[in-house]
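Novice: Heads up: the protein sequence lines correspond to chains G and S, in order. Residue 30 in the numbering used here is what sits at position 30 of the first sequence, and the numbering runs on without skipping anything. Residue 48 in the numbering used here is what sits at position 48 of the second sequence, and the numbering runs on without skipping anything.
For the record, the hints were derived by calculation from the structure and aren't laboratory data. Glycine included, every Cβ here is placed at the ideal spot set by N, Cα and C. Among the hints, a few may not be true.
[What the hints assert, rightly or not] Here are the simulated distance ranges between beta carbons:
#, chain 1, residue 1, chain 2, residue 2, range
1, S, T3, G, P100, 43 to 49 Å
2, G, T7, S, G108, 27 to 33 Å
3, S, Q117, G, T104, 43 to 49 Å
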Amino acid sequence: MDLTLDTYTLEDRTVVRVGGEIDVYTAPKLREQLVDLVNAGKFHLVVDMESVEFLDSTGLGVLVGGLKRVRAHDGSLHLVCTQERILKIFRITGLTKVFPIHNTVEEAVAATD
Amino acid sequence: MATVEIRFSALPAHVRTARLVAAAAARRAGVDEQLLDEIRLAVGEACSRAVGLHRRGGLNVPVTVTMGGEGERFVVAVRDNLGDPSGLAAPEPDGWDDVMLGLAVLRGLVEDLEVHQLADGAEVRMGWPAPNHA
Numbered sequence: 001m002d003l004t005l006d007t008y009t010l011e012d013r014t015v016v017r018v019g020g021e022i023d024v025y026t027a028p029k030l031r032e033q034l035v036d037l038v039n040a041g042k043f044h045l046v047v048d049m050e051s052v053e054f055l056d057s058t059g060l061g062v063l064v065g066g067l068k069r070v071r072a073h074d075g076s077l078h079l080v081c082t083q084e085r086i087l088k089i090f091r092i093t094g095l096t097k098v099f100p101i102h103n104t105v106e107e108a109v110a111a112t113d
Numbered sequence: 001m002a003t004v005e006i007r008f009s010a011l012p013a014h015v016r017t018a019r020l021v022a023a024a025a026a027r028r029a030g031v032d033e034q035l036l037d038e039i040r041l042a043v044g045e046a047c048s049r050a051v052g053l054h055r056r057g058g059l060n061v062p063v064t065v066t067m068g069g070e071g072e073r074f075v076v077a078v079r080d081n082l083g084d085p086s087g088l089a090a091p092e093p094d095g096w097d098d099v100m101l102g103l104a105v106l107r108g109l110v111e112d113l114e115v116h117q118l119a120d121g122a123e124v125r126m127g128w129p130a131p132n133h134a
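Generate coordinates for the entire structure from the input sequences, incorporating the hints supplied.
Specialist: Okay, here's the thing in structure tokens:
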């Protein structure tokens, strides 16, 4: 399944809802979306990964790149994910210590850095 | 050992195909269904690594994946053809080396993992239990 991206605003955050597979083929599309948002002045992002079916290290690299970009503007990037098979990849790479990961979009939006 | 061998151009689009073939071959070899997600991810990582190295090295040769039963194991070997990794082009613009991150995922994911540096490339070899393999 291809990557799907849907962006909306909730309170003062920009939520990117991601669906499908984030891999070496589709990750550039997500990277482009995150770069476009930052270039448009959106520095507080929530990436909702509840509909992601597959994530590999390329996808992780894109998320880390997004985090670095928003932090350069004193922004934030929070993740929403409850799927064990996706969370496992964050744990393996130690990135659970880098990203705030929430159970719901509402929880991520309410979180402060 | 190979019962299935695929060779594909070093294009990201083909990595998904390799993942799907590996999962199908693993299922056929009798691997537990609960391990199929891990196999899909691991084979994807190994193939992405090889594709990344070929592209950064400007190599116009295919990546080779062999898979099949070895005794009571299902074994997948992903082979790149980059003889000398020094002098590669810089990694992705985000500053993260996807090839290294991919290896980190592989090492954390697969217990039975070997990376062999060969004269004309490297082979990532991974195995999973397949007790019902005929």
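Novice: None of the hints should be skipped; say for each whether it holds.
Specialist: Here is how each hint holds up against the structure:
no., hint, result
1, S:T3 <-> G:P100: 43 to 49 Å, "holds (45 Å)"
2, G:T7 <-> S:G108: 27 to 33 Å, "holds (31 Å)"
3, S:Q117 <-> G:T104: 43 to 49 Å, "holds (46 Å)"
The structure meets every hint from the earlier list without exception.
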